[in-house]
Structures are given as structure tokens and as C-alpha cells.
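S.K.: Each chain is listed here by its residues.
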Amino acid sequence: MSVKRYGMYLAYPPTVDLRHDGLGRYMASFLKGAEDRKDLHFVLVCPSWAKEGLQALFKTEGVTGSFELITPVGKPVILRWYEAYVRYKNRVRNRSLWYRVISSLTHRLNWWVSHIERRLGNAYSVFALLPVFLELAVFGVLFLLLAALLSPILLIAVVAFAAVVGLKRGVRAATAFVRQEALKRAKGIGVAQLQYLASRFGALLHAPKDNEWVLQLYKYMEEAESERMLRLIHGMKDVRAWYSPSAFWPAFNKIRSPKLMCVPDVVLTEFPVTFSKTGGSRYLKSFEAVEEAIRGGQNFVTYSDAIKYGTLVERYGVRPQDVTTILHAPSDLSRWVSVKNVADGGATERFYCKILIRSALARSSVPGYSAEFLNSSFKYLFYATQFRPNKNLTALITAYEYLLRKRHIGHKLLLTGSPQEFSPVRELIEKFSLQNDVLCLYKLPVHELAACYKLADLAVNPSLSEGGCPFTFTEALSVGTPVVMARIPVAEEVLTDSELQAATFFEPYDWRDMAKRIEWAIEHRDALLQLQAKTYSVLAKRTWGDVVNEHIDALERIADAGKEQALPGAANRLRVA
Amino acid sequence: MSDKPLRVMWLLNHTSARKFEVPMLKRIGVKEIFLPKKYLPDIEFRSASVTYEEDANLTIPADDLAILNEQDWYCSPSKQAWDIANKHFDVLFFIFYKPEILTSIANNFKGVALWRTYGVAQGVTYDSILKMMSPNEGVYKFKSMGRRIWFAEAYPHLHKVEPDYIARRRLYLPLGLANTEVNDRWTGGDAKIFFVCPNIATNDYYEKVYNDFKKSFGDLPHAIGGTQAIDPGKPNVLGFVPQEVHERNMREFRLMFYHSTEPNHIHYHPFEAVRAGMPLVFMAGGLLDRLGGKGLPGRCKTIEDARRKIKRLLDNDRGLIEEICKSQLVLLDPMRADNCVDAWREGMRAVVEDLQAGRENQPALITRKKRIAVIIPVGYRGGTLRAAKLLAQAISVGSRQFGEDAEVVLLHLDDRTLYPDEEFDDLPEGVARRPYAWSTLDGIEARRAMRFAGHEGWEPQSLLYISPSDGVADLLDCDLWIVVSDRLSMPLLPLRPYFLMVYDYLQRYVSIMSPGADQTFLAAARRAAGVMVTTEFTYRDALQYAGVPGEKLFKLPMLAPAYSKLESVKDQAVEERDYFLWTTNAAPHKNHERAIEALKIYYEELDGQLKCVVTGVNTAGLMKNPPSHLQKCAELFNSSKVLKKRVRWLGELGEGSYRKTLAGAAFLWHAGSMDNGTFSVVEAAAFGVPALSSDYPAMREMDTQFSLNLEWMDATRPRNMAEILKAMEATWRERKNLLPSKDVLAKQSIDELAGEYWKVVRECL
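Chains A and B supply the protein sequences, listed in that same order. Counting with the numbering used here, you get residues 1 to 577 for the letters of the first sequence. Counting with the numbering used here, you get residues 578 to 1342 for the letters of the second sequence.
The shape of chain A in the complex, shown without the other chains (with noise of 0.2 angstroms):
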């Protein structure tokens, strides 16, 4: 059997940890879903600093299967630096030199009066008290002798000390002067300067992904690192099309191969306040990278034909014959919690479940409130989502404090993402006071995601854009887990039947009307599922295999032309009556 071969541009800025990043469980299901097919493979390129990255991705999600990972040799210096400070701060700290050795002496000093006071309680004659004075006495010239050995360097230690901790003071007071200065004067230019300066160091150590002059160190290292990936590719004249399964990298189009990338969304363009208060301007620059890469693009694919229409052809003019759209694939996460071999209705799965999420809760954004949480069997709903503008947090804590404050649901709400990143999700659970109502469970690894989904009482999905049917509805629904949805065109493409509509979506933009689907839900949880289930196990029927097949016809197609051209129309859809 002749195996063709198909490259895959991945383009990650450095230190994303791709495990957490829904860009990367989608990579690890194509390639599982590529694992029948012996007659491909697929060759990554990507960045030298994105290599372990993605190894321990595929080793998480169980990746094998037919792909080799290529990378340029060698990584930036000033990234290795970086590495090393991450490595140093992260590291097991031992007890410091200077603590053992006071402890020790600290030790063996107690041990020692210990001594001499059993042998003083002992004593019976002062004949016997005789050693004891004699031992007191070479302890005490030897204390004596030491002690006149020492003292230049013990006068010298001192002064360093003063002098380090005067220092440190200095440094202190002359920050918080400059500080409080630089607020006096908002119009003093250099003071503001050298303040901005200040803060980028400290902030490259703090947040480096938010901070401005990292991002530009970034964007620098990613087009060095672009260029030497391109002359690998380049050499790879057996590779038939290349595919980018993301728009976030413009380089991508310098490759002269034939080649399709992937537009998930433009979501930004649909959020633009919220978005330039968040993330400082990193959102701006994958924004303009975005839009780089698709008016340099010829082919594309998309998950929705909401996105190739209402974003490609729409906003940025593309041919509609250009853009491809190809479905998800169900999400399943049952092999996760799947208990194999016991028959007992799910006792032991719901078992084990618990004790995932304990070690979840273990780490929540109110650890004091929920690592000694001892009911296991809380109830709760769920939202699996990382804290962004376009996922309508707002608007489903509202409805959730309505629910738990007025209409006494008694449920808690788990969310998955970090409030201390997102400061509107913060602030509003502050507000209300729901500390330990919503919690947050952050960086949640596959199968603790898979019990928060199979225990929760209900699944919610507000999200007001995204760039195909949220994979909430088959991720809650391969566990078990019935769902409510906010009506988008995406979800719509996919559930499209009336009654399961009228059952699972609510209107996003109007919390009460959310709040009324939830609680509706909740009390109709078992006819909800029944119905939900019928419309899982047609999507089910739809595999990952199937999502490659499409994309490798959508490749074959490119490369058959031998030049980049037009692609013919829609492939293959997954529709449910």
C-alpha cells in the first residue's frame, strides 16, 4: 500500500501548555481519528520550544498512530534562560544550608544541657559533680576561644547583613518613591518611562504571556523560528499538502506547497470592548495575525457554516467555493470514567468519579473552602470553559444567583477557568458573595473532567460565539450528562431538531430566560437526558475517522491541482433530523 504523506503546521508561542487548550485536545482526536488510516501520514512541523509541549499532550491523550514531530534544532537562548528561572522557581525547595545548620547546632546544644542537667540530678556527692564543673569549665573556654576567633568574622557578617537588608530597604523605598512620584506627575514623562520599565521585568517573570515587550520578544522569536521551520517544510518534497489547523499563524502561507488552513473563528471581532480589557495586548496581536493569515489564504475550512459564511465570506470576502466546512466529531470522554467489567448500575464509576473530583476540589480557586468539602455527592451544574469575553460568564452567574438566592436551587456551579485571569468573572462573583458557591477548577487534566461532567446535575453551555457546536453537548452527553445551551447559529446547524431545541437552548443574551431553561432542566433531568441521548447516539455515529477523511479529501483535492486553487463545495455534512 502506497502511504501518502500530509504535513501540519503548528505554529505555538512559547510556554502554552497545550494540554489545557481545546486547540489541543482537537489536534490529539484528529490524529487519533488518523490511526486507522495506514495509508497516511501526517508530518508535524512545528517550533523547537513546542516539542515537549505536544509530546506530553499525545502521551495524555493516548496519540499513536502513523505522524512523526519535526522541529528546527536548538531553541532560542533568551527562551532557555526563561526555561531555567521556570525550572529554578518550580523546583522542590530543600531546607536551606543556613537552617540545617542552625537546627543541628540548636540540636546537639539542647542535647548537651540536657546532659548536663541529668548528670547534676544524678550526682549523689560533689565528688561526683566533679566531671560535670570540669565539663562546664573546656565548654566554657573552648565558647570563650571560639568566640575570640570568630568575632572579626562574626563583625563583618553584621555589617554585611546591615548592608543587604539597608539595601534591600533602599531599593524598596526608592520603588514606592518613584511609584508615588510617577502618580503626582501623571505628565512626567521620564518618571512614567522608567516606571514602564520597571514593570516590564517584573512583569516577564510574573505573567510573561500578558506582558507587551514579551509579546514582541515573542513575535520576534516565533518569526525566526517560522523562517527555519519553512526551510525544514521546504525540504520536504514528499509531503502532498500542508494543513494549519489554526489561522493564529500568517507564515503558514509562505509555504509553496499546496496548503488548507483551518479559521475556527474571528470571535474578537464580535467582543471588541471586553477583549481590549483583557489580556493586554496579546489579543490585539493574534488579532492582527489572524487577519494576516486569512487575506493571505486561499483555502480554507471551517467547523460551521456560520463561520464561512458570517465571518469569510462576509467580513473577509472569500469565495464560499474556497472554504470548507467540516463538523465535529462527538467529543466522548466515557473512556475516561468507563469502569470496565462490573456490572453494579454504575456504582463503581460514580465511586470513582468522587474521588476525582476531591482532587479537583483540592485545587479550586477557595482551596480553604473546598479541599475539606467532605460531601462528595454535591450537586452541581457544570460548565467546562476557558474565562473569556465571548463565553457569557456574566450573564450565567447572574441566572445562577437567581436561581441559588431566589428560587433556592441549592446547587453549586463549577467552572473551569482562572478568575484571577479574568477579572469580570472575579469581580462579579465578589460581588454577589458566591465564593463558595462558584467554584473555579482550574487546569483540570482529561479524566477529572470527565467525572466534574458525569456528576454534574446538568451541563451548561452559555457561550455566545464559538466556531462549531460547542463540544459541550457530546463531551456531557457521552457521560451521561444531560445539557442546556445558549441558541447560536453554530448549535443550531448541528441540533436541529424542534423539540430537542426547544428542550436545550435558551436565549443567551436574557440571564432570566437562562436561569428558566436550568432550572427547567433540572427538575425534567431524566427526560431531558432521554431525549438528548437519542440525538447523541446519531451524532456518535460521526467519528474523528470521518472528520479526517474530510479533511484529507479537502488536502487531496488542493493537491491534486498541483497548484493552489479553489476548493468545489461543501463536503460531506452530519445533520440531525
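Hints listed in this document are in silico derivations from the structure and should not be mistaken for laboratory results. All values derive from a computational prediction rather than experimental measurement. Idealized CB from N, CA, C, for every residue including glycine. Please note that a few of the clues may not be correct.
[Unchecked claim] Just a few of them, taken from the derived set where beta-carbon distance is under 10 angstroms, the chain B residues facing chain A:
{"#": "1", "residue": "Val607"}
{"#": "2", "residue": "Asp808"}
{"#": "3", "residue": "Pro809"}
{"#": "4", "residue": "Gly810"}
Given chain A, put chain B in place with the hints provided.
M.R.: Below, chain B without anything else, positioned relative to chain A:
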């Protein structure tokens, strides 16, 4: 010993262990053995199963057996089950899987308990497990059993790493194999290593074992056996296989590699390989060394050594194969029943003789009554003080109803201003009172106190602890402490088990404290032996908000004072009633602002005819000198002439005056937004006065329990409140007919409900 036959409860479900130990017990003369029928659905119980085959041999009543079969013998069986166990059984075997079981055995079982131990991983001891899983009670309960508990070790050296209190209770009952017959059908045609490693995806220990194996031998042909509860998605992992495939594996694979260097624990599968005639290559330093493996050719000191031997076996080195197969049979010797029976006979004889001697020499102790402390933790008065008295009374009455008379002590803060003597004039018979003060202990003092009390190994988890100091014995004369509410400012020193009586988690719904301020209260509930609540709503919040597990939560009926026994106050003529009574206080959750808005609408827009009379603690000057949270509300009130004219603020009334005022009202108005409910509506019903109440869960539950037929309003909407007030003008007379009769109210008396309380309390004694 009594004349009943020696019966044993073997409270384990491990299939392979049962196949050896139950026949062994029979072989040494124990004919009647109870086996548990329930076990936890934990993946770690992968080797567990249930069998009813021993039930037929038990000569105990079928009803008793049915109750025993219903219990979870890994956690906390019921009092009734323990009574049955004590009646019929003298010895039990148990494992310490959940901490509750040791407490339950120590508190309830009168026979001998054998803690069955099969060894744990290196670096872990049973003592450390006891302290980790049950830091407050484990060691204490073990020691409290004295000679009634044995450390029944499966290997004779396990006690050597344990502290003295465990080691001196050692009892060697060797573990063996039910079948040691050699079934020499091995052919070894499949040139692969057979490595058994279960539950790779769910157990960190086995995941590491798997990874280590792959690192050392992954390049050699291999198959991974063992059940996998969750599919690990790894190549060469066989997972569960049917019996015929398993037999084929044991016959065909070239060799088995056994990785373990654990000196205290061994798996069954190496013996299975030996029985099958399959060459066993194993690492030195493990328990196999003690079982005769030290000089065997299959033993390897290093991984390199193991790789060399394995490669030779994979290359079909017949010489080495024969050498290993022939010599390894020696490993089966200590596992043969014939070689274990003497130790079992001797061990069980010692147990029985010791039990017998203990019983014969037991002095005739005068058993004192159980004593329960009901503690009011802060300076509560009013409703909560009344609730504490009712709780104390219910426990006292309930214990008498069960024929288990208990003494009840009500503890209040030693503050005569707050608690004058006359406050307790109404304490019922059987309830004593004791003033106390909280004593604070730092970690070092707490550690010392716990050591003195016998809690060896207990270490403080908090910087500070509190303990009730009553000037006598610091409440150690009481067997159980029940704290009324969860308002403990810091952890209670766990000298005694304690319960909490929690009425609500108001902070979940109303902003009455800053975020995180309730952390100590929630922690108190989680540490308690039990939490009692009186409404379904609070029950749910205890589960959902406080995180108390369901098995520690008890929902009990609400206790109301004996209103049905009150002599009726002279009724005001119905036609003369020209006011309704609003009972409230100054607390923020009483919904004053909406209530005043509602009254404004009622009088100014709806032409309300009835006057409003307000009563309650700190209400006399509520609108004249309002607290900060009522400033806006007072402004609203004072700006309305009609409100000032029609609303009368009486303040706190004496009992007699209050009842007179209540009896003369057209109806009672309860406008609070969310709490644990108010008994004023029950009292009103007792006086023939209907009530209009805010609609919230606790009031709904009270309405149901006391059959009150309350009228409802939405306390979040002032207009709705006003409209229903207006409607009540027309309907209150008819609503009197819907009130419960005295007989109906009498069914909710303490005498009727006390038993429910005692049932919960006695389980913990």
C-alpha cells in the same frame, strides 16, 4: 464462655483470602461464620466478591441474619446490628478501610476484634495509617479496646515496624493459598514476558510500577495482565480476560516477571505462576525472600540481572527454564494450608482463652448513666436559648422512652447578666445546667491535653483550640457534646465526640458576614461526629454548602414549645380586632425595608384598615434610632404621616403581655425574608390567630409539620406583600377555621418527637 457455639464474623470480601481463611477457620473448629454482603464500589476492591454460602451454617434467627446482611461492615453498622452481633458472635475479623469502623467496633462490640493485616508498602505502617485516617480517634480507640483487639498479621514480621501499642497485640495468622496443587500444563510457546499490573490508569502506585517495567523491559516482548477498571489506553495491556484466555496465558507465556521488592506485601499472581509451572523471575528484597526465595535461580538482584535471565528464557534456554521451574516450588510450602493450620489453631486458641479469662474476671461494674452535654456556645438568648432547652428536654425524654435513661446537662456561658437564674426556672426534670467558659489552648497545650487523655500520637492541626471549662472536669464526665449552632470560634479540642445542631446557613443567602468569615464554622461541622438539622432546606445546605457528608447528617423534626398546653388567654371579641401583629427584631435579614414599603402601599394606596402593631427585641426605637442598615428604611417610615400614625412600635414584651397582644390580633404578619423559620406562627395558631408569612423554605416546612395553613406572600415584592395584607383584612376570620386543632398541635409535642432525637444520639454513645 457462654454455652453458645463460637461464631466468627469475617468482615472482609477479598475473594482469594476468603477461599483460604474461611476453610481454615472451619478446619480449626469454627463452624459458624458470618460473611458481609456489602462492600464499597471502590475500584480498589477489585478482588472482592459476595457469597451467601456460609449463611446456611449459621444457627441464628433469620431476621437477625437479614439485618446483619444489610450492614456496611466497612463503615458504621447500626446499633441494632451491633446488638445482634453481640448476642451471637464472639470474634470478628475486620480491615481498617474507613476510620469509622474502628470507632464503631470499639464503641459497640463486646467480643474480640482481629484487625486483619496483609502488609503495606515500604515506609508505611499500620500505625501511620491509623493516625492519618483517624487523627483524632484512631490510636485512642485501638488502645481503649485493651485486650479485646489483636493485630492479626498475615506474615510474622509485620508487627516489627509498628509501635509498641500495636506490636504487643500481635497475633500471627498466616495467609496461604486455597489451592497449592501444581498444575503443570505450562508450555511457554509464546515468547513473551507476562507482567501483571492492574489498574494502571487509576492507581498511582501501579502506574509507577507499569512505567518502571516499561522503562526496564519495554523493548522486550511482553504482555501486561491484571484487571484494568479504566482502560489505560496503553499498548500490550490485556485488561480483563475470560477464564479460558487467562488459562491460556498462564500456559503459553514464556515467563512471569514479578517486580515487587516490598518486604511486607505480596500478590497472588507469582504463586499462580509457580502453580502453573511457569518460570518466575523476581526481584530480590521482597517478601518472596522470606518465603524461601533467597537462593532461587529466578531471583535477581538488579534489573540488569533480570534482563539477562529474561533474555535467556525468551531465547528458550531449556537449562535455565528447568532449573527455575524445579526449584521455585519451594515458594508454595509456606502457603500450604497444612503448614499454616498450627499457627491458626494456636492463635485462635489464645484469642478465645483470653476472651474467656477476661469475661470470667470482669468485676461487676456499676454502669453509670450516659451523660449528654448540650452546649450553648455564645451568648444566645431568645429563640436559640429556647431551642437549646427544648433540645435538652427532647434528649432526656427520648432516652427515658427507650428505657436508656440519660442525664442531660445544659451548658451556658458563665454570665449572670446574660443568664440570670430565673432564665432557667423552666428547665424540665432530668436536665441539669452548668455555667462554663471557653478555655483557649495553644498547640502545645492541646497536644499535652490530648496525650493525657490517651490520644497517643495526636498532633495539633491548628494553632489554637478551645475547650469548655466548667470548673469541674471540663465536661469529660459527659459522653457526648452537642453544640447548639456551629458558632465555634476555633476548633474544639477533640476530647469527646461532638454533634452540632445547625438551624440554618443564612450566610449563603444573605450577606451577613464577610467572605471566608464562616470558614471556622464550616470546619466545625465537617469535624463533628454528626450534624443535626431541623429542616430539609438546612439539610440540603449542610450537604451543598457546608460539605458535610450525608452519613453524618440527621434531619430531625422541629421542636416547638408546648403551646397546646397553654391556658388560653381571654380572647378579644372578633369584631373588635383592629390590628395585625408584626413580630420582628433588628437583624438585617428581617426584611424591614420591603416591609415598610409594603405598609406604605397598604395604607397610602390600598386604603388599609387594620393598624400594625410591631413587637420584638430591640424594636421599640427601631425607626427613631435606627441601626446603620436601617437608615434608609427609617427615612422612608418617618417621611410618611400615615405610617407614623398607623404603625405602633411596642418593643420587647413580657410573655404575658405578648400573648395578650397576640390573642387580640386579627392575624400575625411574618415579613422576614430568609431564616430557619419562626415559631411565632405556631404560637399564634395555638391562640387561634392565623398568620401571613413570607414564602421561603423553612416556613413552608413549618407549615407542613404543624398543619398551620399559613397565607403566603412574596417577601421580595413590597406590592405583593401589601396586596396580600389587604386581602387578609377580608379573609382572616375564615382563616381561623383552617388553623390546627389542639389535638393536631399536641402531636408535635416533645413527648411525641423526643424518640427521634434519642435515636440519633444513642448511635454515637
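S.K.: Hint by hint, where does the structure go against what was stated? Just the numbers, ascending.
M.R.: Per hint list: single violation, 1.
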